Amino acid sequence: MMILLTGGSACGKSSYAEDICLQGPAPRFYLAAMQPYGEDGQRKVQRHRALRAGKGFETIERYTDYASLKLPARGTALLECICNLTANEMFDENGNQSDPCERVLSGVENLAQQCDLLIVITNDVGSGGDIYEDGTNDYIRAVGAINSVLASRADTVIEMVAGIPILVKGELPLCN
Amino acid sequence: MVLILGGVGSGKRDYARSLGYTDDEMSRDVFSDAPVLIELEETVRRAPQKAEALLEPLCTKELVLCAEVGSGVIPLSAEDRRFREATGRLCVQLAKQAQSVVRIVSGIPTVIKGEMPCERC
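So the protein lines, in turn, are chains A and B. Using numbering that gives the first Met the number 0, you'd call the opening residue of the first sequence number 0 and step up by one each time. Using numbering that gives the first Met the number 0, you'd call the opening residue of the second sequence number 0 and step up by one each time.
Since the hints were made in silico from the structure, they are not lab data. Fair warning: this is a prediction, and the values are worked out from it, not measured in the lab. It cannot be assumed that every hint is accurate.
Here are the in silico distance ranges between beta carbons for each label pair [claimed, not checked]:
hint: 1; chain 1: A; residue 1: ASP39; chain 2: B; residue 2: MET115; range: 31 to 41 Å
hint: 2; chain 1: A; residue 1: ASP64; chain 2: B; residue 2: ARG16; range: 52 to 62 Å
hint: 3; chain 1: B; residue 1: GLN98; chain 2: A; residue 2: ALA25; range: 54 to 64 Å
hint: 4; chain 1: B; residue 1: ASP22; chain 2: A; residue 2: LYS54; range: 41 to 51 Å
For every residue, glycine included, the Cβ atom is placed at its ideal position computed from N, Cα and C.
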């Protein structure tokens with residue numbers, strides 16, 4: 000079972016995803032793709048850790064190469080998020096750019112094969128409307144293409160708006 | 000309180016008018032007596048650290064209109080990120096308190112919580 004959860008910044012995706020995870024079988028893995036840059040990033044990581052405290056997640060921080068990740072056991076996994084993972088797979092530390100789609104998608108597929116319930120968080124990065132430089136435009140298109148493939152693969156797709164889950168495909172999972 | 004969300008220019012104000020509210024009843028000032036608060040995101044943008052304190056006065060409004068600003072590429076500037084996140088979190092709190100939440104897409108209202116608000120008598 001795979002659920003794709005999309006929505007803007009601070010729309011309640013993470014806490015809703017964690018609630019869904021509690022419906023899935025243990026053990027529960029939180030797969031963190033965000034590299035915590037600077038004070039801001041550290042604060043975000045701290046906030047997410049506090050949200051997950053007591054929910055019984057084992058956190059695995061991994062910024063790239065989910066295709067070779069072996070989960071310690073079969074259960075539930077929450078991957079956060081496609082936007083970070085795509086950026087990490089697309090740009091190396093020297094700013095060199097390569098096509099991330101295959102690496103991201105095979106990574107997610109590898110996870111899907113190893114758990115009973117996989118929740119994947121993403122964002123609609125194409126809805127900003129600003130003008131960007133070429134690399135960023137490539138990134139927006141890559142995330143859009145990856146989101147489309149994942150939505151087609153997923154059993155359920157949900158968009159979060161102001162903490163309210165809106166069903167886009169499949170059935171809403173039962174949770175509070 | 001009814002929360003009305005949607006992109007910039009998606010038709011939130013037209014929707015408020017369709018419910019029977021006039022432009023004179025719409026204000027950008029959270030602390031005014033106007034029943035309709037518009038452009039909440041701009042108030043948050045000016046002082047994202049004070050967003051939480053707006054929750055209580057906003058709950059006394061009849062309609063609160065706020066643009067969805069959390070999509071698109073995550074901004075490079077920390078200030079812009081804080082603005083997006085503060086707006087998002089405030090909307091989550093408002094949606095919890097709201098009797099109804101309506102989302103406007105291309106001028107079309109969809110109720111995502113509660114009942115479709117009826118026209119003002």
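Structure-based check of each hint:
no., hint, in the structure
1, A/ASP39 - B/MET115: 31 to 41 Å, "holds (40 Å)"
2, A/ASP64 - B/ARG16: 52 to 62 Å, "holds (53 Å)"
3, B/GLN98 - A/ALA25: 54 to 64 Å, "violated (38 Å)"
4, B/ASP22 - A/LYS54: 41 to 51 Å, "holds (47 Å)"
When each numbered hint is compared with the structure, a violation occurs for hint 3 only.
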